[in-house]
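Peer 1: Single-letter residue listing:
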Amino acid sequence: MLWEVDVLSADPANDHAARAVVAGAADLGIAACTSARAVTGWLIEGELSRSDIERVATTLLADPVTEQFTILELAGAPSTAADAAGPSPAASLPLVLHVLPKAGVTDPAAQSVLAALRLLGLEAAAVRSMRKYWLPALPHDEAERFAWKLLASEAIHDVVVGPLPLRALAGGRPWAFTQVAVPLDGLDDTALAKLSRERCLALSPLELSAVRDHFAALGRAPLEIELETIAQTWSEHCCHKTLGSPIDHEGPDGAVRYDNLLKETVFAATREVREALGRGDWCVSVFRDNSGVVRFDGDHDICIKVETHNHPSAIEPYGGAATGLGGVIRDVLGTGLGAKPIANLDVFCVGDPDTPAADLPPGVIPPQRLLAGVVAGVRDYGNRMGIPTIAGAVAFHPGYLCNPLVFCGTVGIMPRNTAQTEVQKGDLVVVAGGRTGRDGIHGATFSSIELTSDSEAQSGGSVQIGHAINEKMLVEFILEASRKRLFHAITDCGAGGLSSAVGEMGVSLGATVDLDKVPLKYEGLSATEVWISEAQERMVLAVAPGDWEKLARIAADEGVEATAIGTFTGDGRIELKWQEEVAGVLDCHFLHEGRPRQRLQSRYVPLPATSPAWSATTPSLGATLLEILAAPDVASKEWIIRQYDHEVQGGSVIKPLLGPGEGPADATVVRGVLGRDRGIALGVGLRHRIGPLDPWQMAAGGIVEAVANVVATGADPDRIALLDNFCWGDTRRPESLGTLVEACRACHDVAVDLGAPFVSGKDSLNNVFAWTDAAGKPRELSIPPTLLATAMGQVDDVRRVVTPDLKRPGSRLAVIGLTRDDLAGSQLEALGVVTGGAVPRIDAPSCRKTFRHLASAIRDGGILACHDVSDGGLLAAVAEMAIGGAIGATIDLGKVPTLLEGGQGRHADLTIAFAESPCRFVCEVDAESAGRMGEWLEGIPWGWIGEVVDAPRLTVTGCFDGDDSVALDALARAWRSWKSSP
Amino acid sequence: MLSPRALVLRAPGTNCDHETVHAFDRAGAIARRVHVHALAEKPSLADDYQILCIPGGFSYGDDIASGRIFALELKTRLGDLLARFRDRGGLVLGICNGFQVLMQTGMLVADPDGKPRASLAHNRSGQFTDRWVRLAATPGKCVMLQGLDQPFDLPVAHGEGRLVTRSAADLEALAAAGQLVLRYTTDGTGQATNPNGSAADVAGVCDPTGRVLGLMPHPERFLVATQHPSWNGRLDGDAFGAGLSIFASAVKAVS
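Chains A and B supply the protein sequences, listed in that same order. Residue 1562 in the numbering used here is what sits at position 863 of the first sequence, and the numbering runs on without skipping anything. Residue 614 in the numbering used here is what sits at position 52 of the second sequence, and the numbering runs on without skipping anything.
Okay, chain B solo, but in the shape it has when bound (with noise of 0.2 Å):
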């Protein structure tokens, strides 16, 4: 059987690409880096794969908010290219970064009319912040969490992580339709990680469908023990990390 496809979508200023290809490497795709520019020349290049993974990094600078001159771009030239891609049998992952761009497509959070439910605002700190934290997965119809039963350890890096929903109404709305899929818990010695003051300690959603997965955590970071902060004289060097666990179940949901 031929390995899935992963289509890496970068940007000026993405900067998780590399990684995010080996991530699907090793999960058992083959997986390319594909510039927005070169897509949109010739978006049927989509075609030729399974999975579409926008990954972390500074697109564009960031400078007036995370994501949205890609999302911008996304929309005015490739129009509704990822819902299709989506449609056709496809996922859509979207780390950090590709979470942020996500929001700004309106594909994860919109309401009936089209409007956006939430958005990702600066962490509560007002900082940039580089740790790790515990997640709790509730994967109900999610295609890549699929398995992710008990908490498990990711890494966060980003300014802009903080879920805000447009009302109380619109974050119940979003947990009652089983979209609010990933969250950040306690660790083994009861401290809270939420890292940003996300609502309701959201650290990640996914679409309707369950097949479009946005998150702040990188799981690209956390393939192998030795990528843990604790793993040293704690972890086998060769175990898998959690974060593998995503790719694989991407890589698994579309052989």
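Isolated chain A, as found in the complex (with noise of 0.2 Å):
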């Protein structure tokens, strides 16, 4: 029996979704549709009466103050007729829409409903959720692009317009196992690129020419488990296939050879930042765990990992976004014996948000509803996990248009002493947290692939969707379980699924998998599903046999299903089996050595220099400041920051938005250990404005803009880990590849000169987007090449940090370090005002020295607030300053130190007001400690500026045009002035 329970409010006024609908609908242009109504709608199946229904309605599914409901029996044959859905609302509204999950996808509430259903003593088969909307009379056409417009998305939904046709919701026969070989001998290159292609394997003609010498050599051909297998293993994804290939390479300082260019650059600087460390060496565990380890204070360690989502993002925002924290989370959690995640950030790059419908490429999503999406997923899964979002950025470029950027990150805390583990032969491997479906499937090999517009069609099985409760609980256990030792090893099932996090754990020993215990979430799914599929929410630990019924208890305990589906066997092979049959063996040594690997040519050739260019007519500074402020890159975000939980756990100091007048921060803090004063600083730097001028200069622009954000909170300069993450083009071209090979360069000398090691780290590659235009011309769009730097500081004690909003009329501002002619890049050139010019560059060295003069001045309490200057230059940062603490501040632009050349001038003005050159920071200080600044700032730039006032203005004297001044509410409205409107 099929039974639809539909609830709806009682009162249409507070009908939300319908709003959104109405609204949406205007957007479209689809003037009929002036009111809608939304009906959560549920779909229960089973051996069920009427007055069951009644009783879950009542009980579970309907509010009795706010919602109403009603009832609907499914039964004989489907019809058509609208009254076939149940009553309308509303007379006005005939048409009825249904958007549900696709069949197989995760439905997190039905989860919820068919377990609190057991709560009532009721016995369901199955359960899907649903949302309905009645909608005045539309055409069937238009009604079904308004619902693939706004209310659902193809890649995890059915939209039906009329009645229901259902009758029926479970399904699914159980696999019955066969053996499929794909025979590979004889097959040249073209044939093995066309293979690949069609099995979406992502492997070279030469991988796969290794694939078929190694199993000619074994006297058969490989299972299409087997290659699966390899597929995965091999996977950019998975293995770094670039970044670690042999590169020649030819650049400004002539040619040079690597042989594994990540080793020589990135790996090589942590080396060397260690080795000068000496004993006082504080990494524990890099490159080596799902993250970077460092010490932290006498009995706890601290981790960070931060990952991108970008192909699944493009296609699903929401579903996207929301698996990308959470496999970044479990990352954290399987860290050494697992960390607890205490942080989360998120970084997304999309295209302008003003991009015309017309000028979207088929099958991409706008970037403002993009947002929105990817916002809410991280929302949803990051609220729901109870870790707070405390960090992040978004930047707009027209080159992220098709191929947007979704960076997740979490930070954890272990105790010391647990990050090195070691898997023992003889190990249960278990498996933990949700079922198996046939969701994700070749995540890891479709994010190695471009993007085109069908990969919506084509990719739709790689689009997870989360069960952030699901992990909670999983959390839950695995803190439980190590904390009484219950495993010597865990990792996260994250791409490739089973077959990477088996595989990886079992590196050396190998394996026996028995994938026909792997609990699923409905039958059908073959061996080779099993164990590559990507469902969310699942980790591998490996359990001495001993421990297995104490840790299965404190499974039961926690609500998570934990069962054990093989053994680490210690014969070097990994042998999968189904129900006792062999379904697949591969030797360990092949699968992790036998890769193949290609020596790449790159070349990379600057830019000429330009001068800058200056527009005919130039606004004052006033006006263009508030241009500036409202740009979509410096706007306030507090749109996105409030949506997210940034203060669960209760260790929040600096948060995202702070002072009175809730101003930005530059990195936020949290204490590692709630009652202790020690705490962990998180910011980000990210020039991707530079990027496609002078990629050396936009890594090392990130960089340090990541460690001047937590160094001016009052993090120790010579304690930041940090991470990298690369999203490029296509790198099989040898000038793309050349950009990436000068980026990781830069990310080597800065790092060095900065003595902050890389601790973590991940590349994207391949992100461009291919199509046919209206005029049947292939196109191809890719990204600009993007590092995001990632600093994670600590702070000895947070009772002492500093934030950027100005406390108190009457202290002294000072500006430190010295402004350039360097506009390429800017907010300015943005803007149009100016066009070209030098691009900033990054002295590393006498960036430490700054560094660490700021932070014996914060330390000695001389510094009442600081802020980086960045995007939008010092103008900029002292308008924030005086947004935050809502009060007033005049500045002479005449003092600040600069190194420019020619005379005084409007454009001279423009330049010191909005030049984003970098290490450079402004800082309030007590009248009584001014005396000090010189002392503390001894060999560094720096100069006073202006004071803090009691009146609510910002006032700029000294310049070529006269003083210009402006209202501090017109600036703090010009910031909050952009928001997404999806």
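All the given hints hold, so there is nothing to weed out.
In silico lysine-lysine, DSS-like type, Cα no more than 27 Å apart, as pairs:
1. LYS1249/A / LYS604/B
2. LYS604/B / LYS1183/A
3. LYS801/A / LYS848/A
Just some of the chain B residues that point at chain A, by a computed CB distance under 7 Å:
4. PHE620
5. TYR622
6. GLY623
7. ILE631
8. PRO678
9. ALA683
10. ASP692
11. ARG693
12. ALA719
13. GLN789
14. PRO791
15. SER792
16. GLY795
17. GLY799
Derived by calculation from the structure, the hints in this document are not laboratory data. C-beta atoms are modelled at their ideal positions from N, C-alpha and C, and glycine is treated no differently.
Combine both chains into one complex, guided by the hints.
Peer 2: Here it is, written out as structure tokens:
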């Protein structure tokens, strides 16, 4: 029997979903849709009577005060008559439209209902949630178009206009064991490339020929499951295929030959920094585990990881971002013997928010809608996990239009001496957490293939939907089991699913896995699907047989499913079985060492230097400042920040918005342990506008910005851990690979000069979108070369941190660092006031000196407020400080220390006000401490530039055109004026 | 004298349990996290405690409505345990999701027929919101708000916190009974801080005995000055936050 319970708000005025539908319809130009009602629908299948369902509706599904419900029995032949969908809530809304998760797509709400039914003593066979909309009369095709544009995502939903034709939910039959061989003998490179494409393997002909030869030597063809395992393990996503390659590079410094680019740049920097630290080395486990681990206090280490989830988010922003965050949380949970996640960060890079709909290539989601979707995904997952989302950024650039970037990061804390783990021979392979379904098949190889306008159709199966509460339960279980030391090693089931997780853990020992024992969401998965599914919220543990019962007991107490599915054997082979039959066998050595490495060629030719070209008419300083504050890159992200729970866990010290005027922070700070005063500072740096101009300076500038952000709060500049996340276009082209090599070289040099080691990182390559335009011409859009740098600093005493909001009238303002003529890639350039000129250049050794001197001034308590100067330059920085403090300031442009050539003038003023020269800070200094600034900053360029005043204005003096002044509320209004309106 | 004991009751999806334990510890209690499954297996566990707190989070995902499944679980598996806990002199505190759970159990706002007079609905904005609000308490007999006679700040972080009553008369009845003990008020600049459109600016409700309190704001997130968004350069980092007072009043009342 199939029942439908429809729940809707009793008062139409409280129907928020309906309001959004009407607003969305207006945006799409559907004039007829002036009202609507939104219904939460539940399909419940089972031997249940009408009175059972009534009890379910009244006690579980509908609120007695605010909601009403309708019950329908879906029986007999489906009818298309509108009344077959139940009574419409209003005569003016005759059309009904349903949006349901596709069969097999994770449906957390339905799982909640299924579990709650058991509390009521009712056993249902299946439950599915849906959304149902009652609309005014619309043509069928217009209703469907509307649904796909606004209400549903092709990757995960079905849309039904009119009554539901469903009469049953449950389905699926067990898979019957078969072995599928994939003969490779005799295939040439062309045939191998075709096979790779058709099977979505993302393996090159060279790699496939190594597979072919390996199996030829064994005297048999590879089985499908074996080939898939190899494809997952050798994917760009899993093994830094490009960054770890031998490369012949030609750049401005001549020819360089790398045997392994990553090892010789990023890893090498860490090694050099650690050697220099000697016995004071505070790195614990870097570039080895799922996240990078460093020393924190006497009892704890902390770890951090940042991941990308670009391609899934391009197709399904909500699910892609949510599972991106879910994945990186599991990376932290799967570090050492398990770390407790204590903070999240997220950074999004999207297309120009004002891109006209006509300019969107087919299959591309408009930037505003995409941004709203990824924000909602992070919100719903992060908030449910109870992990504060405390740091982040949003960057806009036309190059991200088709291929947005979604970075999610997590910080964790763990007891000392739990970072090192080792799987023991004879340990059980235990899978814990969510069940396995067909979701996320080919995620690892999909992320390594470029997006096309057909990606949605081809790769819908790669998009997963998260179930945060399953992961939350998993965290409770893992941390308790870890406390009792009931497992030897742990890793998350991420890209490549069980194949990668078991493969990594059994890298030398090997394992036998009974794939038929893996708990399934529904019947019908083949052995290969079970093995490579990327179903979310799963972890794999290595458990001594003697500890298994105790571990299983904790899992049961926390409501987590844990299943022993095999054994780490020690025979160096991965043996896959299905009901005692052998489904596939792989040699670990071949799997992990057998990938042939191809020598790549890269070239980098710097762009010729240009002089800044000014527009004929230049606006006033004040008007320019207002425009810059309202620019999407700079403007307040309050509409995002407030949707995130950024205070849960109670450790918050510096929030993303602070001060009486709720201004922006540079970095955020949380306590590591409640009740203790040592803190963790988190900052990011992203100089995406410099990427196309100079990849070295882009990378270097991002790193310095991330570090400057945390140093501005009072973090110790000699204890900063860095993360690199490279997102690049098509690195198969030598010119594009050349820019990547330059960025890696920058990472090395800057990290060494700052004494800040990289502890973890990730790359996402092939961020290119291909389509055919209206004229039938093949087109391609690549992202700008982008390095996201993340800095994790440590604060000795959170009671001594400093925030950017101005504190009190009468104190003085100083700027630290030199302002230069380097407007290329600045917000001023984005506004069109100036074009070209020099790129901001990093001098890392002098940055380090500045950071150390600033830190000593903050430590001595002389600094009341401090703000790093970045997007929008000096005036934007002072304006943000004034907004946060809800108090005014006066500054004299003539007193800003500069290296400008040429005399005074309007252009010089604009340059001083808005140049984004790196490594500068604005400080508010107590009048009594002012005399000590010279001593704190000895040998560093700095100058007094103004005062904090008891008037709600920002006044700029010393200008060529005379003084300029803007009211504080005008600044705040401009800064808050930009908001996504999808 | 023995320290009072506080039971912090968690369910799958509860996520403010650790900081709530920390808050009770700081207020002088001995607090323990207890899973609702463990309590259902052995209800006598509650006998060792004088305070029972349901902390914030997204119990069971809150996919149907906030707190509904947790409340259903309490009703079906633990019967009237919470009422008995209160009647034998214990205090019950529900914070955010815990408040939503208490509302769903019917302990706070039932009419004489046992039907709910009010419910917590989606915020007027339709969105989850994390922000600081200014609150004014009228404690009356509400044990845990005693002493909070000046307006104070706390953060809220929820998507479903708007009090909706069945009728204007129900709102009247709750007010007349002195149950609407905590309200959002205006901040220093005269701006209203009601974050969700709650009726009569209600942020927290106590039961007719004054021994059960539910509130949307998070007192456990303001135990020390450094948790306040404007503390830096303005408050001593070691100063106590207003939230601590609620835990301290609970501890004092049962000591």
